[in-house]
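Protein chains: 2
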Amino acid sequence: MERDFVGKKEFPIKCEIGRGLEGAIVNNTQIGYVNGKEGRLCYRGISIEDLAKYSSFEETAYLLLFGKLPKRDELNGFKEKLKVSRSIPQGIVEMIKILPKDTHSMNLLMSAVAALAGYDKESQKVTLESEKEVAIRIISKIATVTAAISRIKKGKEVIEPREDLSHAENLVYMITGEVDESRPSLRGVDEEISKAIDMALILHADHGMSGSTFTCMVIHASLSDFYATIAGGIGSLKGPLHGGANERVIKMLQEIGTPSNVEEWYGRERKLHHKIPGFGHRIYHAHDPRARIFKEYCHRVATTEEIKNLLAIAERLEEVEIRELGEKKGIFPNVDFYSGIVYKALGLETSLFTPLFAVSRVAGWTARVLEYMPENRIFRPRAEYYGPLKQEYIPMEKR
Amino acid sequence: MERDFVGKKEFPIKCEIGRGLEGAIVNNTQIGYVNGKEGRLCYRGISIEDLAKYSSFEETAYLLLFGKLPKRDELNGFKEKLKVSRSIPQGIVEMIKILPKDTHSMNLLMSAVAALAGYDKESQKVTLESEKEVAIRIISKIATVTAAISRIKKGKEVIEPREDLSHAENLVYMITGEVDESRPSLRGVDEEISKAIDMALILHADHGMSGSTFTCMVIHASLSDFYATIAGGIGSLKGPLHGGANERVIKMLQEIGTPSNVEEWYGRERKLHHKIPGFGHRIYHAHDPRARIFKEYCHRVATTEEIKNLLAIAERLEEVEIRELGEKKGIFPNVDFYSGIVYKALGLETSLFTPLFAVSRVAGWTARVLEYMPENRIFRPRAEYYGPLKQEYIPMEKR
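Chains G and V, in that order, are what the protein sequence lines are. Anchor point for the first sequence: position 51 equals 116 in our numbering, and the numbering is continuous, going up by one each time. Anchor point for the second sequence: position 354 equals 419 in our numbering, and the numbering is continuous, going up by one each time.
Just so you know, not all the hints are guaranteed correct.
Dumping the calculated DSBU-like pairs for lysine-lysine here, alpha-carbon to alpha-carbon at most 30 Å [claimed, not checked]: (1) V:K166 - G:K197; (2) V:K148 - G:K197; (3) V:K340 - G:K186; (4) V:K133 - G:K463; (5) G:K79 - V:K79; (6) V:K221 - G:K190; (7) G:K219 - V:K190; (8) V:K190 - G:K162; (9) G:K166 - V:K162; (10) G:K463 - V:K316; (11) G:K146 - V:K186; (12) V:K394 - G:K74; (13) V:K144 - V:K186; (14) G:K166 - V:K218; (15) V:K463 - G:K133; (16) V:K463 - G:K79; (17) G:K190 - G:K219; (18) V:K118 - G:K455; (19) G:K74 - V:K455; (20) V:K455 - G:K394.
If you're looking for bench data, these hints aren't it; they were derived computationally from the structure.
With the rest of the complex left out, here is chain G (with noise of 0.2 Å):
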């Protein structure tokens, strides 16, 4: 009989670990399940289906928050929250222009998150009740950084963020700075991008204790600020081997050329042992439900010669893949196989891919940091020494 519910586990519980703490179990929660082996994921057991298709980034992020669905004031008190936090100070505009201009994107926005704390006098409290109050303003003001990050690094003028328009559009607004009168009922904000971005948004949102979500709770148990543990989190998501795949995605795909070339630069990776971006994960044995979820999407707005080509060649790649190594070894497209081609289709520059990521897994991350609070206990696992346990200072003329 399948279960439909799972009870709270008490600490000690006894654990066998592998290298990278795999199999450690860091707290209960009630946040979100990732089941790899039935390809499940759920935020406060909702599917991430039933999510990406009625749902919007806004009432995601408060479900992931306050661990309901929203009735209709309080997701727009919490939308009112967002929209008047939107708004950057000049200071952190000036900083992200006055380094060099090929800093990496990631790195910018680690620093401006971490230098916001000094706007935010309310954010040194970190009291549970402050704290909630911080969170909604960071994951509002991680938008616009973003946006100014991605303008700023073009050589283009910054633009004000909106209140009249949703989190999506209103980034997507910032980042583009395009407004099509003729679609007024978009307030002229591309209706197709803004959609495809707020269901990025979802999907990216919460995963489990990923590297990224783990620092977070880390940096903030020692009760470091939102601003700092959230800047922390930022740097774990830069490394290649949490964000950044779906990048590396896409430089595949342009490598491969065409569909036809698939079987045979298959062939050659394998034996040279190369690993495949956009394929495997820790997590999941069975297909990624975000993979899905994107490549279903990918033919929405694949319209170009060069995008369809793309996508066609990923399409062929996962055949190929999955015959291979997918039923045998569960090894499937995961959510960065086919989010590259997305973003790419909706003309984004591909050093913005993993500021988006950051953009969405803040609500993950300010979520389980929250909810971590009350039974808040630093973090202090061990290293085994190994090795002599007195060693004589030798001075220097006896070296």
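Knowing the structure of chain G, use the given hints to seat chain V on it.
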């Protein structure tokens, strides 16, 4: 029989994990060893007492990073690399100036260190060889950034580093800006202060898998760059449960006022179940060896009536606490109990205490990150989900 050598453990390892990952094993290490029961701390097998007595911060950092005490030419080469890396780009100084003056020093330090990546293109490579050099540059520059923050916060001119001074001397010089030409042997920098800072840098350089060290390892394991990694460690150290307790100790000693008030004050605090800052440590259940060294040093630097009084209060409080809790519960003064008095005697502002901790601990952070690299695996422990596994998405109108 006492062991004098311990072997390496093989993963997977069976553990019993408490909250805060207590008891979980992260990796095997040769860098440092804390024996909480005996109150012993070693770096690479050498006791902290010997290092405080005979070594310098530069030599200790070399020992931590490269696993052995350097020969003379090795130490000179290492010192030279630190010296030529001291200056920081004008852009970093400018960004600190732009941010609000009352921004927490640790938020500024975190932000500046993350931004430094933009000026060090080598840092984006993330190979073991390149990272060793980047580590040395960060150890050097973090001192300059800390001094710059201190100067800017006080509205004073930032002082350029000098290459003719040791790491500790130059740090003191960049903070105080004072040159006393009557002491030519030290090229004008106060000898007593520099010596005390050098010792403090040695004592704080490594301490097992502390929260900040663990943060660095988690961030870097996704192969993020070293600046983002160290910035994350700074964010963790900022929390009052990790760094910063020595600030609270000073405040407490000032509040108590005189040694004769200690008994009454202590009794009242105990009744209110308040935690006394500067006592107890998750790891030590015996005397913290670093506290003993700092205590001894307190007597050397306590020359004013104010500091003598603070020290007398501290010693009285230590007696009372040990009588009441020490032997029974294994709660003794920790490193933070006496370190604040030393810093205060040196005339350092309290907001510099935690940044100084980072200037030292960066040696341990970088050493442990480099040690983990050859066997790198991303950290991905688990949060244990509890609650309903399948929740319906309820449309807005039915909530």
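Discussion item. Please verify whether K219 of chain G and K190 of chain V have alpha carbons no more than 30 Å apart.
Written reply: Judged against 30 Å, a Cα distance of about 23 Å means the pair holds.
Worksheet item: Are the Cα atoms of K79 of chain G and K79 of chain V separated by 30 Å or less?
Response: holds, 7 Å
Fill in: Restraint check for K166 of chain G with K218 of chain V, where alpha carbons must lie at most 30 Å apart
Given that 30 Å is the threshold and the Cα spacing comes to 27 Å, the pair holds.
Worksheet item: Are the Cα atoms of K133 of chain V and K463 of chain G separated by 30 Å or less?
Response: holds, 13 Å
Worksheet item: When you check the alpha-carbon spacing of K166 of chain G and K162 of chain V, does it fall within 30 Å?
Response: Holds - the C-alpha atoms of K162 of chain V and K166 of chain G are around 19 Å apart, at most 30 Å.
Worksheet item: Do the alpha carbons of K190 of chain V and K162 of chain G lie within 30 Å of each other, as the hint requires?
Response: The given pair, whose Cα atoms are some 24 Å apart, holds under the 30 Å limit.
Worksheet item: Does the alpha-carbon distance linking K463 of chain V and K79 of chain G stay inside the 30 Å limit?
Response: violated, 43 Å
Worksheet item: Given the hinted pair K74 of chain G and K455 of chain V, is their alpha-carbon gap at most 30 Å?
Response: holds, 19 Å
Discussion item. For a C-alpha distance cap of 30 Å, please report whether K463 of chain G and K316 of chain V respect it.
Written reply: violated, 46 Å
Discussion item. Please verify whether K118 of chain V and K455 of chain G have alpha carbons no more than 30 Å apart.
Written reply: OK: K118 of chain V and K455 of chain G at ~16 Å, within 30 Å.
Fill in: Given hint K186 of chain V paired with K144 of chain V - CA-CA distance at most 30 Å
It holds: about 22 Å lies between the C-alpha atoms, which stays within 30 Å.
Discussion item. Does K219 of chain G sit within 30 Å of K190 of chain G, going by the straight-line distance between their CA atoms?
Written reply: Violated, at about 37 Å.
Hint violations for this structure: numbers 2, 10, 11, 16 and 17, all remaining hints satisfied.
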